[in-house]
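Protein chains in written order, with the working numbering: chain A, 1 to 177; chain B, 1 to 177; chain C, 1 to 177; chain D, 1 to 177.
Quick caveat, the hints were computed from the structure, so don't treat them as lab data.
Incorrect hints may appear among the rest.
Since the list can't tell identical chains apart, any single copy or any two copies may satisfy a pair.
[As the list claims (entries may be wrong)] Here are the simulated SDA-like cross-link-like pairs (lysine to any residue), alpha carbons at most 25 angstroms apart as the crow flies:
(1) 81 / 36
(2) 81 / 177
(3) 81 / 107
(4) 81 / 152
(5) 81 / 39
(6) 81 / 109
(7) 81 / 100
(8) 81 / 67
There are 4 protein chains.
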Amino acid sequence: MAELPSEPSGWLSENELEQIRGELPLLYINAIPVRINPMGELTEVGLLLRVDDGVMSRAIVAGRVLHHERIREALMRNLEKDLGGVALPRIPTNPQPFAVAEYFPTPGFGPFTDTRQHAVALAFVVPVDGDCEPSQNSLDIVWLSPEEAASEEVAREMTGGQDVLLRQALAHCGVLP
Amino acid sequence: MAELPSEPSGWLSENELEQIRGELPLLYINAIPVRINPMGELTEVGLLLRVDDGVMSRAIVAGRVLHHERIREALMRNLEKDLGGVALPRIPTNPQPFAVAEYFPTPGFGPFTDTRQHAVALAFVVPVDGDCEPSQNSLDIVWLSPEEAASEEVAREMTGGQDVLLRQALAHCGVLP
Amino acid sequence: MAELPSEPSGWLSENELEQIRGELPLLYINAIPVRINPMGELTEVGLLLRVDDGVMSRAIVAGRVLHHERIREALMRNLEKDLGGVALPRIPTNPQPFAVAEYFPTPGFGPFTDTRQHAVALAFVVPVDGDCEPSQNSLDIVWLSPEEAASEEVAREMTGGQDVLLRQALAHCGVLP
Amino acid sequence: MAELPSEPSGWLSENELEQIRGELPLLYINAIPVRINPMGELTEVGLLLRVDDGVMSRAIVAGRVLHHERIREALMRNLEKDLGGVALPRIPTNPQPFAVAEYFPTPGFGPFTDTRQHAVALAFVVPVDGDCEPSQNSLDIVWLSPEEAASEEVAREMTGGQDVLLRQALAHCGVLP
């Protein structure tokens, strides 16, 4: 998740956070915003369009869990941060993540990497009913069909292994092509 | 689930269904309607109040999956049957049941019994946003807190082991007292 | 699952079963046998090699749940039927399937088809520790890496949409390439 | 989880860890060791018997995830720490926790508390096949039936809300009484 902009740092200064990153796994949430139909079926996946250092990439919603913040609060806060305040996300009733993505600073320990740190992200699929608008962190939000989302082309535009997590989410929802 | 009224019988006559019941497991859905808050937390559980042969009982939503009917269609149809047409159930995006309840006609094979048949029910927790009104099958729908729903008193009013499934649902949603 | 050999028919004659197939969804289990390492990681997937009417295909373990048979008994019975008596399958402690595969006799209702019937299969990933030997129903059992199992080539040799279920299983275990 | 002995501190001194505890949620694993029968059914739950400051309590296996350690490695390390080296735990193939237990240093934010810190524990049910022997951290390991494990009496001997997690685990495995 190295390409993501810096997170709100809770009660930590950037220097302190930098140091901790070499010493402890940091807890994150990953959220994949989706559109569903009245029968609950996933129809579209939302991906954030970012430009970091002049390189365009697509990303899912990601962010740190702060001290004394509940998982569902971290989900809501990070979804609002990336999708705006009227996205109306349906935070899961069951707090069990569909996957746990383990991002390591060095490659070779699985599909997920984050050059900054060892981050462990609880991953959720979150239906959103309202309007989504790009925040300061992203240029745009693009809605893709499950087929497009699972394509090689989209995978090439994602970083840190998030394309793998995206396909896991599609499989979990029964719409992996 | 012996106390439940007869299901719509698809293309089967009652006689045919009666015979099949002795020969095959029948596929059911079980749905536990819940109210949630904007953070997704379960706040209330809806139970149907029934009177069968003069005996009052509380029940969850249950019904058969018909031939050529998808699970999510069976969920929707049975929820509408028991809660009315404006309950606005949120059919799960992920079609994985939180539990599979195996009802056997003879006791001693686990918590669930159904004197009529061997029924296997895929069980889901379904948030409902709209108004619920009792259908022909039930006198009333009562909304209970997780504490009330898990109480001994409510358990005594449920049949076929559905109180066990109800507590499993509360545990799954992280609100088992 | 049309290519699968006929199941043990419980207390039903073939004629009776034939008739019921047009009237009710039939309950199945699908099991994906896997090899795991001591850390629990999936290292290999086992696929059955079948020849039906002169056409070779690869298949997962599948079979009907019989009357008064528990899901875990149906899993054990069908695994023994296809892998032999010393495969030592680890039947799941948690009876929640990772997916529910809905096979319809007509195409267009999702990834899974079975020309014979509407079958609903509870799908499980089952680690096997012992020796597996092909039964009367299959020519061989082939063990593939997750990469091979998810390949286009293997997908082309599977029928009824089981390649989709196989990739869902790999995703569920965190090893979808 | 305040009653638990101090964890191996990775590359952190106790002072550093103390400071971080006030600034970040710490990532833990919780593991509930169980005995299962050949059909995969949970037959017994293992609880650690501890004496801290002269007070006896029962606990599940718990421990911190270290920097650059995978969840399954943390599970194995902490299970070996508490159950000894020949317990032969079956680390889950699917890395999805059955629950995420959020321990807060102040009460009122759910069932789980840990006076030392905000800890987020990924919780797993882990069948163990081998011999278990108490380590330096516990006096004994006691095996209880699901009924005993879910009893009020055992709940009173557990701290930090772990009795709630234990009942969630029993529900997840379909054996909550």
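Hints versus structure:
1. Both within a single protomer and between protomers do residue 81 and residue 36 lie at most 25 angstroms apart by alpha-carbon distance, with minima of 21 angstroms and 23 angstroms respectively.
2. Taking identical chains as interchangeable, the C-alpha atoms of residue 81 and residue 177 are never at most 25 angstroms apart, the minima being 30 angstroms within one chain and 31 angstroms between chains.
3. In this homomeric assembly, residue 81 and residue 107 never come within 25 angstroms of each other (Cα to Cα): the closest approach is 29 angstroms inside a single copy and 28 angstroms across copies.
4. In the homo-oligomer, the alpha carbons of residue 81 and residue 152 never lie at most 25 angstroms apart, since the shortest distance is 28 angstroms inside one protomer and 39 angstroms across protomers.
5. For the homomeric pair residue 81 and residue 39, the shortest alpha-carbon distance between copies (16 angstroms) is at most 25 angstroms, but the shortest distance inside one copy (28 angstroms) is not.
6. In this assembly of identical chains, residue 81 and residue 109 lie within 25 angstroms of each other by CA distance solely across copies; the values are 23 angstroms between and 30 angstroms within a copy.
7. In this assembly of identical chains, the alpha carbons of residue 81 and residue 100 lie at most 25 angstroms apart whether taken from the same copy (22 angstroms) or from different copies (23 angstroms).
8. For the homomeric pair residue 81 and residue 67, the shortest alpha-carbon distance inside one copy (18 angstroms) is at most 25 angstroms, but the shortest distance between copies (28 angstroms) is not.
The structure is inconsistent with the numbered hints 2, 3, 4, although it conforms to all the rest.
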